[in-house]
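**Student:** This is what each chain is made of:
There are 2 protein chains.
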Amino acid sequence: MKQSFLAAKTNMNAPADADCINAKLLTQAGFIKKEMAGVYSYLPLGFRVLEKIKKIIVEEMDNVGMQQTLMPALTPLENWKKTGRDNVDIAYRPTENTVLGFSHEEIVTPLIKEIMRSYKDFPKCLYQIQTKFRNEARAKSGLLRGREFIMKDAYSFHTSEEDFKQYYDKVAEAYFRVYERCGLESYKIEASGGIMSGEEKISHEYSVVTKAGEDTMVFCKKCGFAQNIEISKKRKGDDCPNCKNSLNEEKCIEVGNIFDLGSKYSDAFGFHFTDTDGKQKPVHMGCYGIGVSRLMGTIVEASHDENGIIWPQTVAPFQLHILSLRENEKAEEITSNLEEDGFEILYDDRNESPGKKFADSDLLGIPLRVVVSKRMLEKGCVELRNRKTGETQEIPTRELQKYISTYFMPIKK
Amino acid sequence: MKQSFLAAKTNMNAPADADCINAKLLTQAGFIKKEMAGVYSYLPLGFRVLEKIKKIIVEEMDNVGMQQTLMPALTPLENWKKTGRDNVDIAYRPTENTVLGFSHEEIVTPLIKEIMRSYKDFPKCLYQIQTKFRNEARAKSGLLRGREFIMKDAYSFHTSEEDFKQYYDKVAEAYFRVYERCGLESYKIEASGGIMSGEEKISHEYSVVTKAGEDTMVFCKKCGFAQNIEISKKRKGDDCPNCKNSLNEEKCIEVGNIFDLGSKYSDAFGFHFTDTDGKQKPVHMGCYGIGVSRLMGTIVEASHDENGIIWPQTVAPFQLHILSLRENEKAEEITSNLEEDGFEILYDDRNESPGKKFADSDLLGIPLRVVVSKRMLEKGCVELRNRKTGETQEIPTRELQKYISTYFMPIKK
Chain A
67 MKQSFLAAKT NMNAPADADC INAKLLTQAG FIKKEMAGVY SYLPLGFRVL EKIKKIIVEE
127 MDNVGMQQTL MPALTPLENW KKTGRDNVDI AYRPTENTVL GFSHEEIVTP LIKEIMRSYK
187 DFPKCLYQIQ TKFRNEARAK SGLLRGREFI MKDAYSFHTS EEDFKQYYDK VAEAYFRVYE
247 RCGLESYKIE ASGGIMSGEE KISHEYSVVT KAGEDTMVFC KKCGFAQNIE ISKKRKGDDC
307 PNCKNSLNEE KCIEVGNIFD LGSKYSDAFG FHFTDTDGKQ KPVHMGCYGI GVSRLMGTIV
367 EASHDENGII WPQTVAPFQL HILSLRENEK AEEITSNLEE DGFEILYDDR NESPGKKFAD
427 SDLLGIPLRV VVSKRMLEKG CVELRNRKTG ETQEIPTREL QKYISTYFMP IKK
Chain B
67 MKQSFLAAKT NMNAPADADC INAKLLTQAG FIKKEMAGVY SYLPLGFRVL EKIKKIIVEE
127 MDNVGMQQTL MPALTPLENW KKTGRDNVDI AYRPTENTVL GFSHEEIVTP LIKEIMRSYK
187 DFPKCLYQIQ TKFRNEARAK SGLLRGREFI MKDAYSFHTS EEDFKQYYDK VAEAYFRVYE
247 RCGLESYKIE ASGGIMSGEE KISHEYSVVT KAGEDTMVFC KKCGFAQNIE ISKKRKGDDC
307 PNCKNSLNEE KCIEVGNIFD LGSKYSDAFG FHFTDTDGKQ KPVHMGCYGI GVSRLMGTIV
367 EASHDENGII WPQTVAPFQL HILSLRENEK AEEITSNLEE DGFEILYDDR NESPGKKFAD
427 SDLLGIPLRV VVSKRMLEKG CVELRNRKTG ETQEIPTREL QKYISTYFMP IKK
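From first to last, the protein sequence lines are chains A and B.
Quick note: the first sequence uses this note's numbering, first residue 67, plus one each step.
Quick note: the second sequence uses this note's numbering, first residue 67, plus one each step.
Bound-form chain A, shown alone (with noise of 0.2 Å):
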């Protein structure tokens, strides 16, 4: 795609109101907008990253056996009297008997009731990816906390609370793989379930190491145990309790989140099974959560440097940017040969100076840069550089597609 086309516009300096990295960058940058407090619209490069991270989600999911809906935001105001959860502060109420969806239980208990019946119809596990909608009284941190937000919900049924287990477990592996593929080291850590399951239930977050966290854990670097500081504090241990290694304290960002709902919700919505022995017996639900624009937001905030982000290969909006300094005829003929080889590529073919491009495109992020200038091409190559490690590399022109097929597999096709 030519940046003379695409639908952004870069700003080096940094919204006013901007309280926090992902929210400047990504903003400066030109992937969203913010609307309102808490509500961002997502541009052209935003709108490419997300639908990167959607995908992850969904191979990972479909993955683990779980099948995709699509849930309503609008609900109807009886479903949430039957769990009590009609008057939760955080609810939008668009109507005196409607709620925007905060969280979707009181939807998809309903719905599976009427499909799952026997118990051959068990297990069974469906997700959307959807907007949720949370009044929340401070809207902040830009992607992390929002009053309108994308959201991988997932809901399990089972006929035993073993076979949840096994689920869960399963589900929790398939987390881990999310936010690894997302360029993300998260750990798991044990929760209180709260406002989804009550207090006594099993539940655990997933959380990243950033500066930015609204919480705080401790974690073992070594064997991966994690804990928020608040139960560590009652543990009064400072040793890793699997491992005796030392514990590293560090602000952290939640990224996810799952939870063992016993059959709260089943029996809320008298939703029972017939057992092999014909007795009628509860159903015992899990439900799983990512943000998914919090997702996007965690990245910037785990993933950047001074001049701009640094998207991980997987989720950038683009996998190569090709400048061309006043040397378009050529720069068209390299993007449009990477182009058919299935490479995704911005290509600045802007008539602004050479400082004008470097600085936009250490602010965009993505992964590879290729330069085409006189210079370089006097020698016959380009000069490629790395975002990340800034390494910057001559590469003959006839060697750049199998250069960059090491570095990275065409997306397209």
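Heads up, some of the hints might be wrong.
Which copy is meant is left open, so a pair is good if it fits within one copy or across any two.
[Claimed, not checked] Capping the alpha-carbon separation at 27 Å, the derived lysine-lysine pairs in DSSO-like fashion look like this: (1) K206 to K147; (2) K120 to K299; (3) K190 to K423; (4) K317 to K90; (5) K288 to K148; (6) K68 to K120; (7) K347 to K179; (8) K287 to K468; (9) K300 to K440; (10) K121 to K68; (11) K186 to K422.
FYI, nobody ran anything at the bench for these hints, they're computed from the structure.
Chain A is fixed; fit chain B onto it per the hints.
**Tutor:** Coordinates of chain B only, in the frame set by chain A:
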């Protein structure tokens, strides 16, 4: 996918409150579930159809140079005050200062204003596939008139009316391709701009002939001329004004619309551009809508019989429906071979009677049905049936892949 695993149950009885074919059949076949008047959940089968329709739309919109974005549903009231649409009847108001977007001119115009300043930045067109909310007094007709629905809305920005008109014609052609690829025969009808752009501006509706239509149009089968019956009555002509052929009068469903917005919205937000002569001039806008979920309902209205849905190949949830009549071993072998070839298959492995399996298959409406039975296998064959034509053939099992490939291409990869 195994049908025993799929989260869907068919129901031979129509829902008591279904007032139309699409609500009836899609509910009975397990594609959607009504959550409240005008609000539906999409179960895995329905979600798959939605995704296919979205993919067609995305391809055609990208093809005319639109760029995909995502704007929020929750929007600030102040934006709507600027255009005088803050007190529109159909607007949900979740809080005193917010509106749930029923259209997005009020969001996209100030957004793009930050990006486009000079004539060099024009033209551009942004689109999104996003959830709209309209508090319809009478939500009805299943997916045809919802309170929450999925829409593709696009907004183009131009330096002149001439440039706008050229682009408008390009989009108009792309719209025909979208409907054609969805298996629908559509007509482009002159209409008035109404709430979007005012009575004096040009606009067109795209309509599909079906009995369930709320509107009535007259159209010419020979040259494609079509007109709303009200306008036609004013014209007082019984024959096609282009080719003098006789006109047909039929009920129809509106499946899209395109509008000349002039500078109504750009004026409201003070969005001007600097022209070649250095002067500030008004920006000319167009907008282009397709009801995505409505399109799904329309396809069912246009393509069904007394036994169920007949999905066009391009939007079917699966390409093949393989039915095992107590021959699961062989049926599974055939299924996994064809899945490896890249075909999308729903495999009915359930322990149900042949009659139940046949009836469900007709209801679901997957384009090709393959029956694996003892009688056929003894002849080295399977039975292949075309859902649309009813044509049944005995095909040697080893030639099945070849035969199906002549019918459609593998979808995956």
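**Student:** Evaluate each hint against the coordinates.
**Tutor:** Consistency of the hints with the structure:
1. Taking the closest pair of Cα atoms, K206 and K147 come within 27 Å of each other only across two copies (26 Å); inside a single copy the shortest separation is 30 Å, beyond that limit.
2. For the homomeric pair K120 and K299, neither the shortest alpha-carbon distance inside one copy (36 Å) nor that between copies (50 Å) is at most 27 Å.
3. Taking CA atoms no more than 27 Å apart as the test, K190 paired with K423 passes between copies only; the shortest distance there is 22 Å, against 51 Å inside one copy.
4. Only within a single protomer do K317 and K90 lie at most 27 Å apart by alpha-carbon distance; the minimum there is 19 Å, versus 53 Å between protomers.
5. Taking identical chains as interchangeable, the C-alpha atoms of K288 and K148 are never at most 27 Å apart, the minima being 46 Å within one chain and 58 Å between chains.
6. Taking the closest pair of Cα atoms, K68 and K120 come within 27 Å of each other both inside a single copy (25 Å) and across two copies (25 Å).
7. Only within a single protomer do K347 and K179 lie at most 27 Å apart by alpha-carbon distance; the minimum there is 13 Å, versus 59 Å between protomers.
8. Within a single copy, K287 and K468 get their C-alpha atoms no closer than 37 Å, and across copies no closer than 55 Å, so neither meets the 27 Å cut-off.
9. For a Cα distance limit of 27 Å, the shortest separation of K300 from K440 qualifies neither inside one copy, at 65 Å, nor across copies, at 67 Å.
10. Taking the shortest alpha-carbon separations for K121 and K68, both the intra-copy value of 24 Å and the inter-copy value of 23 Å come in at or below 27 Å.
11. When the C-alpha separation of K186 and K422 is checked against a cutoff of 27 Å, the pair qualifies only between copies, where the shortest distance is 18 Å, while the shortest distance within a copy is 63 Å.
The structure does not agree with the numbered hints 2, 5, 8, 9 stated previously, though it agrees with the rest.
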